[in-house]
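Protein chains in written order, with this note's numbering: chain F, 1 to 222; chain C, 1 to 87.
Since the hints were made in silico from the structure, they are not lab data.
Some hints could be false.
As the list claims (entries may be wrong) - Cβ-Cβ distance ranges computed for the label pairs, FRET-style:
{"#": "1", "chain 1": "C", "residue 1": "Ile-26", "chain 2": "F", "residue 2": "Glu-90", "range": "27 to 37 Å"}
{"#": "2", "chain 1": "C", "residue 1": "Arg-31", "chain 2": "F", "residue 2": "Glu-18", "range": "51 to 61 Å"}
{"#": "3", "chain 1": "C", "residue 1": "Ile-26", "chain 2": "F", "residue 2": "Thr-55", "range": "42 to 52 Å"}
Don't be surprised by glycine CBs; every beta carbon is placed ideally from N, CA and C.
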Amino acid sequence: MPHDHPHSHDEGAVHSHEGMSPSGHPYRADNDTPLTYWQVMEIAIRELLIEKGHTDAAEITRQIDRMDARSPADGARLVARAWHDPAFRERLLADGSAACREMDLDIGPMHLIAVENSEAVHNLVVCTLCSCYPRNLLGLPPDWYKTRAYRSRAVREPRAVLREFGVDLPGDTTVRVHDSTADMRYVVIPARPRGTEGWSETELAALVTRDSMIGTGLPRQP
Amino acid sequence: MAERVRVRAMMPPGHVRTPAYLRGRIGVIERELGRFADPERRAYSLPFDQRRLVRVRFTMAEIWGPDAEAPNDTLDAEIFEHWLEPA
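If we strip away everything but chain F, and leave its shape as in the complex, we get (with noise of 0.2 Å):
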């Protein structure tokens, strides 16, 4: 959202841009508050990892550059070998771990099944008891999965919510919303865009966004 602060540009006159940005926007405030009760502890307890030796400071960092190098690219050529490969694709919709790390993809500890949309069938993934998300295989997760709105509504009307994202099913489709209560992770196979028949893998996975792995979106049209 290039506009998420309230700010109209029809009030004219009576919107002020004093205290702005050059291009009208608010500077971000400060952190002057106090730490919060997690901070604090995150930070005692990373001190305390460094100060025993079982970590330093330069092996979180590098842990961090790595979860920050992650992105929904490693996801893409996941799916791509799948729309390519279809002895891959079995092998993914069985074990999805395994099929990651067939492909050398790493994942870590991570527990992942892939679901596949289909023309009958859409699949549509969401934690509504926190946050979980396929991180080690689509990177960090887009700030509306965290949100309340979406975990509580992707489950109450899941079509209302894919509507807003611009997909709207035929009433035939059956949406299946996968809930990630625990150990599993989920990952979405879109339905492969027709017209791509011949396509290489590096070609299809240019079509696979971070959303139509999801579910919330389809993927790019040819």
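Once you've looked at the hints, dock chain C against the given chain F.
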């Protein structure tokens, strides 16, 4: 025929991975997932067992009743064995 189960309608305090909106609802076991650490004890650093975890599929009609957006749509969730009873 798929095994029918009911999610126990209990409300214990603490770190519980069974969503409240599924408690008391009947579904069918979609697949077995194996055995996983009991989160309700592990969350507090208590000794924990490995418990059977299954995916249960519910219809939206079963969860939301006549208010369901589309009664035949489904919801799958992972539920630990001690939360399930035969239905």
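Results for each hint:
1. For C/Ile-26 paired with F/Glu-90, a C-beta distance near 31 Å keeps the hint of 27 to 37 Å intact.
2. A hinted range of 51 to 61 Å holds for the C-beta pair C/Arg-31 and F/Glu-18, which are about 60 Å apart.
3. At about 47 Å, the CB distance of C/Ile-26 to F/Thr-55 agrees with the hint of 42 to 52 Å.
Checked against the numbered hints listed earlier, the structure breaks none of them; every hint is satisfied.
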